[in-house]
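Keeping their order, the protein sequence lines are chains D and R.
Under the working numbering, think of the first position of the first sequence as 440, with each following residue one higher.
Under the working numbering, think of the first position of the second sequence as 684, with each following residue one higher.
Honestly, the hints are just simulated from the structure, not real lab data.
Mixed in with the good hints, there may be bad ones.
What the hints assert, rightly or not - EDC-like, lysine to aspartate or glutamate: derived pairs with alpha carbons at most 20 Å apart:
#, chain 1, residue 1, chain 2, residue 2
1, R, K1136, R, E1057
2, R, K1136, D, E500
3, R, K850, D, E466
To be verified - According to the in silico footprint, chain D covers these stretches of chain R (three or more CB under 8 Å from chain D):
#, region
4, 688–701
5, 751–763
6, 855–867
7, 990–1004
8, 1142–1153
In this text, a Cβ means the ideal position worked out from N, Cα and C, and glycines have one as well.
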Amino acid sequence: MSEIPRYLREGYLSVEELKRYIGLPSEERLRQRPVAVPECPQEIPCTPCAEICPTNAILMEHPNATPKVDYEKCIGCSLCVQICPGLAFFMIHYVGDKARVTLPHEILPVPNVGEEVVLLNRVGEEVGKGKVVTVVPREKSRGDTPIVTVEVPLELAWDVRAIKVVRE
Amino acid sequence: MRLTEHPILNFEKIRKREVTIYFEGQPIKAYEGETIAMALHAAGIRTLQHSINKHRPRGLFCAIGKCSSCLMKVNGIPNVRTCITLVEDGMQIERQEEKPALPKTTKPPKWKEPQRIEADVVVIGGGPAGMMAAINASEAGARVVLLDENPMLGGQLVKQTHKFFGKREQFAGVRGIKIAEILQEELKKRNVEVFLETSAIMLLQDGEEKLVVGVRKNKELIEFKGKTVVVATGAMERMIPFEGNDLPGVYGAGAIQTLMNTYGVKPGDRVLIVGAGNVGLILAYQLYQAGVKVEAIVEAMPKIGGYFVHAAKVRRLGIPILTRHTILRAEGKEKVERAVVAQLDENWNVIPGTEKVFEVDVIALAVGLRPSIELLHQAGCQIKYVPELGGHVVIRDSRMETTIKGIFVAGDSAGIEEATTAMLEGKIAGIAAALSAGVASPEWLKEIEKAQKELDEFRSGPFGRKVLEGLKKVVIQ
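Build out the structure end to end from the sequences listed, making use of the hints.
Set out below in structure tokens:
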């Protein structure tokens, strides 16, 4: 029997696995403008990301292939983040000493722009606080999923994958 | 324990007029359009009956009319399936104790000729497969009638708040609840006659034709006569053996989805999920969305069985997934109060000393489904046990026709897969049934081929492998 990948035992990708299976954009590219990163390492029958991409930056050889993003072609429009049924697409953008992480957020409440939110990593641990810079509400999202861009410390760019809105 | 705010659903819009039902004499607030079991649950009543011999409390399990754990006495009539019977103002509901007897004071209804409905194609089941069969059969020129025992169309789609996978032309990126609405609209446009709250209790050969005997709202007999029949009766939740598995609060995963996503009723406060297939993973996410705490998902296999992306989605919300773990027992007096789980070794034996106790009031079993084939069995279709497809399934050809000419099958009742494949199979079965009834033109064969190709494509990845192995055993050329 073939070895079970760690991520299938644990249910989340480590940054090491992300590099190995997905391949990360260059530092230079990350500074230019937002770039979409698919955290989707498993062959499943699913193609909306490739179908919706306006620049054909998402390559998929067959409907069961894993999506590969051509980071140079990606314009950072976020449509893949909005449509992905697996909520597996994220956008990263390095701005100064901060990183902006764009993620799907199908939980109530949806934060407001400017609001401070708790940052969660891939296993739901609180790793810090960040400020919301953009919100695409559900009504305006192409995939009926609200998406949120949150500003986080640069060193957390590859850890933060969810947020928690805490209001008194 | 009703939900008000929800990121995906709007229950204020769904809930209709308020009515009062009586549980053992006590008034309970309910809403028109919801089932008895849902209203009772919202009022905190979880024990629906007691077992006859040992008087053990029993509660809801499947919530879609497929098991018998919700049988209650309604207006004096015993054995009413309260999970699919709608509330009515003034209804008297009682728990059944001992062996329930029919009331002596009421007379049985007088025999009268049943209503007879004739069609080219009779579709049994209004889920994704049945609706697609009806839409396509009608499109191909057939007069179609569809019946379903549930009070609403959509089958399991009505509780699927997540977005579907596949291609966009197959509704990928669209939520299941929305797909149910779209298909319902399509049915309406085509004037397909729909009978809800109508259970198909018999499927018979009537010469060259087929006869489906239905019972509407537990009292009215209706005969459906069709040249052909499509059986799309779905599947039933599996149960696994462990101590206390009959306590109220041990639900099939689908029942919890029905409670919270269809009727906006909170299933409980703290949940343990058994099974990390797609159903268990999706359920965990939906519980979090409804504001319910998921303590953990336990999975006996050494790896997550569902799509990884679903697992990642729940992990980042802080929900643990314990692979190689199983449930040992449910504890509690009248209902679930805690769950004891333990780790398994490589030979599936419990490792002593690894027991963990979770304080939960709900245990959700997401351990698989088995096809509902009772009607096909009764009609005499050839059956085979195929574990890859979830259990006993009927032998069929590539156009979904069973070994009895004119009887077709589609969706989970043909083998456990998921909704996208159910819709494609429904399309094939519907068109093939219209062709077999002699009402569709041969050009429709092209549409069948197209759907067959899409099915092949969908099943061509690693997740389709097991299904393809199973299909080799039941599909005849």
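Hint by hint, work out which the structure violates, then give me just those numbers in ascending order.
1, 3 and 5
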